[in-house]
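There are 2 protein chains.
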Amino acid sequence: MNIGLDVMGGDYAPTTTIKGAIMASLEFPKDSKLVLFGDEDKIKEILKQENADTSKFEIVATTQVIGMGEHPVKTFTQKKDSSITVGFKYLATGKIDGFASAGNTGAMLVGAMHSVQQISGIIRPCITSPMPTINGGQSILLDVGINPDCKPDVLYQYAILGSLYAEHVYNIKNPRVALLNIGEEEEKGNLLTSATHKLMKDSKDFNFVGNIEGNQIFSGKVADVIVTDGFTGNVVLKEAEAFYTLIKKRELNDDYFDRFNPEIYGGTPILGVNSTVIIGHGASNENAIKNMVLHTLHVAEVKLSEKIKEALKND
Amino acid sequence: MNIGLDVMGGDYAPTTTIKGAIMASLEFPKDSKLVLFGDEDKIKEILKQENADTSKFEIVATTQVIGMGEHPVKTFTQKKDSSITVGFKYLATGKIDGFASAGNTGAMLVGAMHSVQQISGIIRPCITSPMPTINGGQSILLDVGINPDCKPDVLYQYAILGSLYAEHVYNIKNPRVALLNIGEEEEKGNLLTSATHKLMKDSKDFNFVGNIEGNQIFSGKVADVIVTDGFTGNVVLKEAEAFYTLIKKRELNDDYFDRFNPEIYGGTPILGVNSTVIIGHGASNENAIKNMVLHTLHVAEVKLSEKIKEALKND
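Chains A and B are the protein sequences, given in the same order. Residue numbering for the first sequence is 1 to 315, as defined by this note's numbering. Residue numbering for the second sequence is 1 to 315, as defined by this note's numbering.
None of these hints come from the bench; they were simulated from the model. Worth double-checking, as some hints may not be accurate.
[As the list claims (entries may be wrong)] Now the stretches of chain B that chain A is said to cover, found in silico as 3 or more residues with beta-carbon under 8 Å:
no.	segment
1	145-152
2	180-189
3	209-217
4	241-249
Every residue, glycine too, gets a C-beta built ideally from N, C-alpha and C.
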């Protein structure tokens, strides 16, 4: 496997990104390689400084960077030699098997849609976040921000995408899928969730367990996959981030709550596109970059996008 | 002021409810009285047992109870001698100035709409929750569950209702009102929030400060009033309750997080109806009942519903 990394992306790029890549490379299998897109001099300097095994790396020198605040569509096409744009060229032509960045999320989405494109039959790709559960596992929440307005058929498809992700990447057999709602009963909710519940309840495409309310998100008792629209999902995710900030401000130390730290979070695949594309948190530290790169390798190895294609064919 | 309490409502009613009422009565002004609706024998027994000053109380004997799981509309009209139904009769005829219950929320809503009715000009009444902020205050979140599907004009009116509540009950001058959204920029969000932002941005009816994201809800830095639809608001509130449960499960003790305890939370007015109606948490303990009764007195004393009527006239 060849895994591509945008070393110019992220709040602490490129030094932190390159160091994180080196950490990840130590856990890479022999036949796998890390392809670094970015400032060649800087990459060489840090690889040398850290005594990295250069046989694990390939450097693709790029001269431009898409900044965090830049307009995704414009810059992706205009900055032809940006690390993200070149990375996606490599991904689309099969020179790499997965591509990760902690940089401009919008540009990564645009890149994925323009280059590898969405899988035929997918209505809307989405992104996810693992919610740490008190029993030591996690629930996969999706969508967490791409599609703020969803229709029931989109949420139905998220249930399939989330199930496949939970099964193949998190090794959860027959994952329990719940719909985030404001009541346990079928008829509860807003127009979207009550219509979605009707669609989901007799589904044979996934293991639907019913509604889940906000107070059960972290219990692990109800669901492995929590489906919601990108607006609600983003609010839920950011409220969890707020909570971690509060815990730190109050100087409380706890192993469980440490798992809420967005900086160690390894990124999310864009589910529903024709390859492995992983988006990391802008504030990623070295460890987060390492986790993001290893997550990219993992998602590419299990061929998640192929699994999604097969599932849609049978649907 | 005469404040009515449904002593039959709540998970630990009537014993806990009556004890909470006695605690509240100790802080009642001389000219105020607590009117208890429910099982007369039980009320008398506990008032005696607790050596309560009976001059502070009036007992209205009722023989029926609307259970937590019962259908609100049906039972409210059928159970004519239920504590909630009789309480609303007293409220509608001016025999009490406010009415509170930790019982069936749906029945309380139905009762409010049937008896005192919504204020002319109100599109949809709503309910609120204080979100404890790290700087020692709170932000008022609304709606937290009555209206899962809202239109922009409804959210606009929530901003007015929330402002008046924050100003008159929480003594916050010129309260900052923010729209819960998934980005800081004006154009961000779903169809509802982006249209609502346009409506709110030049408002002279309240002090609009822009969007607030999920990670700022508890900071206190952005807003005193946070406006959202009842679906998102309910998920946010229940996620906050989940955090409190997690904190307790991890055996962490902290003054700030103790403020997330839903059991001490004093209830919310139904904003937009023609009198003071307060709904408490089902799991209310004695202290929560006390807080709910005192909150009812406070909201009645500041004549919040009159202030809302005036504001709508000038609108």
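List, from low to high, the hint numbers that the structure doesn't satisfy. none
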